[in-house]
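2 protein chains.
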Amino acid sequence: MGRAPRILELFYDVLSPYSWLGFEVTRGSHGGSGLQGPVQIPTSLEYEAAIAACFNGWDHKRQWSGFPSLRTSCPLSTNCLYSPLPGNKPLAMVPRKGQYMFKEIPLLKQLFQVPISVPRDFFGESVKKGSVNAMRFLTAVSMEQPEMLEKVSRELWMRVWSRDEDITESQNILAAAEKAGMSTAQAQHFLEKIPTEPVKNKLRETTEAACKYGAFGLPTTVAHVDGKTYMLFGSDRMELLAYLLGEKWMGPVPPTLNARL
Amino acid sequence: MGRAPRILELFYDVLSPYSWLGFEVTRGSHGGSGLQGPVQIPTSLEYEAAIAACFNGWDHKRQWSGFPSLRTSCPLSTNCLYSPLPGNKPLAMVPRKGQYMFKEIPLLKQLFQVPISVPRDFFGESVKKGSVNAMRFLTAVSMEQPEMLEKVSRELWMRVWSRDEDITESQNILAAAEKAGMSTAQAQHFLEKIPTEPVKNKLRETTEAACKYGAFGLPTTVAHVDGKTYMLFGSDRMELLAYLLGEKWMGPVPPTLNARL
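Protein chains in written order, with our numbering: chain A, 1 to 261; chain B, 1 to 261.
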């Protein structure tokens with residue numbers, strides 16, 4: 001009898017920089033990773049697109065009206081920049097955390113070897129504009145052409161978190177999809193799916209699935225190993241994830257694979 | 001000319017479990033660490049005791065009256081369980097984060113090999129009781145007998161975060177100090193320093209120093225390397241810290257040292 005299959009689920013949002021780091025580590029696409037490194041492991045990756053309520057809880061409160069149990073607060077709001085509770089104002093200390101993020105990301109860029117760069121006005125423009133259409137586009141892709149999800153997700157991150165470009169306008173979502181290898185016709189097809197109920201419902205369901213696992217921010221990784229389910233928060237839990245999978249952690253970019261690049 | 005000295009400062013609180021993990025990794029006391037592992041590095045460790053305002057902001061608001069600039073909010077409150085802003089109630093999502101912590105700590109216990117265990121009623125009893133006297137005791141120790149700071153800190157963590165024992169009563173602080181190797185007379189001497197102005201001021205100054213570095217939670221590690229200063233938050237930034245120090249990260253307990261235990 002073979003070993004039971006191990007499944008990882010990664011809940012992410014393309015507005016979340018730490019989601020990008022977690023995505024690249026689990027994906028191993030920039031030179032392998034401790035999780036998919038020298039040792040082949042029977043782990044299948046199921047990417048699920050989850051909207052980052054942490055970025056939307058305040059200004060986009062109405063988005064949550066579809067969640068009966070979540071009407072008074074956004075489901076992923078512990079790290080919310082805009083508190084979801086009515087009457088709250090952004091916490092006095094939030095600027096400290098934002099400042100920290102801006103200083104830390106250039107360091108993580110080097111450590112993770114992901115071309116991440118803080119947008120000029122992230123907490124203003126980017127957060128305000130949100131990512132709901134981009135996430136619905138990804139949801140549509142995941143429903144019909146899941147093999148493209150990884151590349152399109154990455155191109156959306158490349159836009160907002162590497163080149164400081166918009167991901168809310170239709171032509172910009174199209175541009176990311178085409179850069180990922182889609183034809184214009186394909187990309188246009190998915191764009192037309194954005195306002196449809198099946199896509200909107202699917203994104204809500206995915207977010208609710210994250211909530212049911214206990215998620216409170218993104219990325220959230222859920223590992224199903226040997227009959228147990230572990231929920232881990234953050235791009236900084238990848239070493240713990242490797243431990244749970246029984247794999248040797250070799251860093252976000254293992255030296256041996258790195259040397260081969 | 002030799003290399004410029006590299007200095008690490010670790011701001012911690014003995015009520016903070018993640019502080020304990022960060023403390024043991026930088027200290028390397030449970031079998032070495034990636035930071036003090038096989039390669040000797042010219043890093044001096046300066047432990048500083050900082051009160052975890054994140055645990056005290058709400059119920060112990062008056063403690064902050066000594067900080068002119070901080071009257072309306074606790075300085076380390078982003079992860080505050082009890083929001084420091086008047087009129088706020090604990091965030092609806094906090095239970096999710098608490099539940100996550102309870103599930104994660106047993107996993108981190110294995111990964112870090114620190115005998116950490118969640119107290120029975122941490123968010124109730126432990127948080128409510130706070131740690132200000134324990135932290136003032138440590139401050140007094142750091143002022144007169146800094147070589148004892150590490151051991152006494154660990155024995156306080158062992159009480160609250162391993163054996164679920166009190167650290168607020170005088171006899172319990174004494175017991176931790178004696179277990180760390182202090183004579184009863186010495187421990188009594190430091191106990192009497194708790195309510196004195198120099199000790200109270202020193203703890204305030206240390207906390208303010210953390211704030212000046214931009215701290216918003218504990219542990220906060222400040223690394224001074226090659227003329228630059230880096231502030232890192234959390235016990236999960238130790239791999240990044242190793243990277244900044246130019247050291248190979250070998251995990252919280254490097255395999256070679258681990259095998260020797």
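Where hints are given, some of them may not hold.
Note that the list lumps identical chains together, so a pair holds whenever it fits in one copy or between two copies.
As the list claims (entries may be wrong) - Only pairs whose alpha carbons sit at most 25 Å apart, straight line, appear in this in silico SDA-like list of lysine to any residue:
(1) Lys228 / Ile105
(2) Lys103 / Lys248
(3) Lys97 / Phe123
(4) Lys109 / Ala209
(5) Lys97 / Gly214
(6) Lys228 / Leu107
(7) Lys179 / Tyr230
(8) Lys179 / Gln99
(9) Lys179 / Met101
(10) Lys202 / Gln171
(11) Lys103 / Asp166
(12) Lys103 / Leu244
(13) Lys128 / Glu247
(14) Lys103 / Ala185
(15) Lys179 / Ala209
(16) Lys228 / Ile116
(17) Lys97 / Gly181
(18) Lys109 / Leu8
(19) Lys228 / His189
(20) Lys103 / Thr206
Hints are computed from structural coordinates only; laboratory data are not their basis.
Results for each hint:
In this assembly of identical chains, the alpha carbons of lysine 228 and isoleucine 105 lie at most 25 Å apart only when taken from different copies (16 Å versus 33 Å within one copy). In the homo-oligomer, the alpha carbons of lysine 103 and lysine 248 lie at most 25 Å apart only across protomers (22 Å), although the nearest pairing inside one protomer, at 29 Å, exceeds that limit. Taking identical chains as interchangeable, the C-alpha atoms of lysine 97 and phenylalanine 123 lie at most 25 Å apart whether they share a chain (12 Å) or sit on different chains (23 Å). Taking identical chains as interchangeable, the C-alpha atoms of lysine 109 and alanine 209 are never at most 25 Å apart, the minima being 30 Å within one chain and 28 Å between chains.
Taking the closest pair of Cα atoms, lysine 97 and glycine 214 come within 25 Å of each other both inside a single copy (23 Å) and across two copies (8 Å). For a Cα distance limit of 25 Å, the shortest separation of lysine 228 from leucine 107 across copies, 13 Å, qualifies, whereas the shortest one inside one copy, 34 Å, does not. Proximity of lysine 179 to tyrosine 230 under the C-alpha cut-off of 25 Å is found in neither arrangement, the shortest distances being 35 Å within a copy and 36 Å between copies. Within a single copy, lysine 179 and glutamine 99 get their C-alpha atoms no closer than 32 Å, and across copies no closer than 41 Å, so neither meets the 25 Å cut-off.
For a Cα distance limit of 25 Å, the shortest separation of lysine 179 from methionine 101 qualifies neither inside one copy, at 28 Å, nor across copies, at 40 Å. With identical chains, the CA atoms of lysine 202 and glutamine 171 are at most 25 Å apart within one copy only, with a shortest distance of 23 Å there and 58 Å across copies. Taking the closest pair of Cα atoms, lysine 103 and aspartate 166 come within 25 Å of each other only inside a single copy of the chain (22 Å); across copies the shortest separation is 38 Å, beyond that limit. Taking the shortest alpha-carbon separations for lysine 103 and leucine 244, only the inter-copy value of 13 Å comes in at or below 25 Å, while the best intra-copy value is 30 Å.
For the identical chains of this complex, lysine 128 and glutamate 247 are neighbours neither inside a copy (40 Å) nor across copies (40 Å), given an alpha-carbon limit of 25 Å. In this homomeric assembly, lysine 103 and alanine 185 never come within 25 Å of each other (Cα to Cα): the closest approach is 41 Å inside a single copy and 46 Å across copies. In this homomeric assembly, lysine 179 and alanine 209 never come within 25 Å of each other (Cα to Cα): the closest approach is 30 Å inside a single copy and 47 Å across copies. Within a single copy, lysine 228 and isoleucine 116 get their C-alpha atoms only as close as 34 Å, which misses the 25 Å cut-off; across copies the closest is 22 Å, which meets it.
Proximity of lysine 97 to glycine 181 under the C-alpha cut-off of 25 Å is found in neither arrangement, the shortest distances being 37 Å within a copy and 39 Å between copies. Taking the shortest Cα distances, lysine 109 and leucine 8 sit within 25 Å of each other both inside one copy (24 Å) and across copies (22 Å). In the homo-oligomer, the alpha carbons of lysine 228 and histidine 189 never lie at most 25 Å apart, since the shortest distance is 39 Å inside one protomer and 51 Å across protomers. Within a single copy, lysine 103 and threonine 206 get their C-alpha atoms only as close as 32 Å, which misses the 25 Å cut-off; across copies the closest is 22 Å, which meets it.
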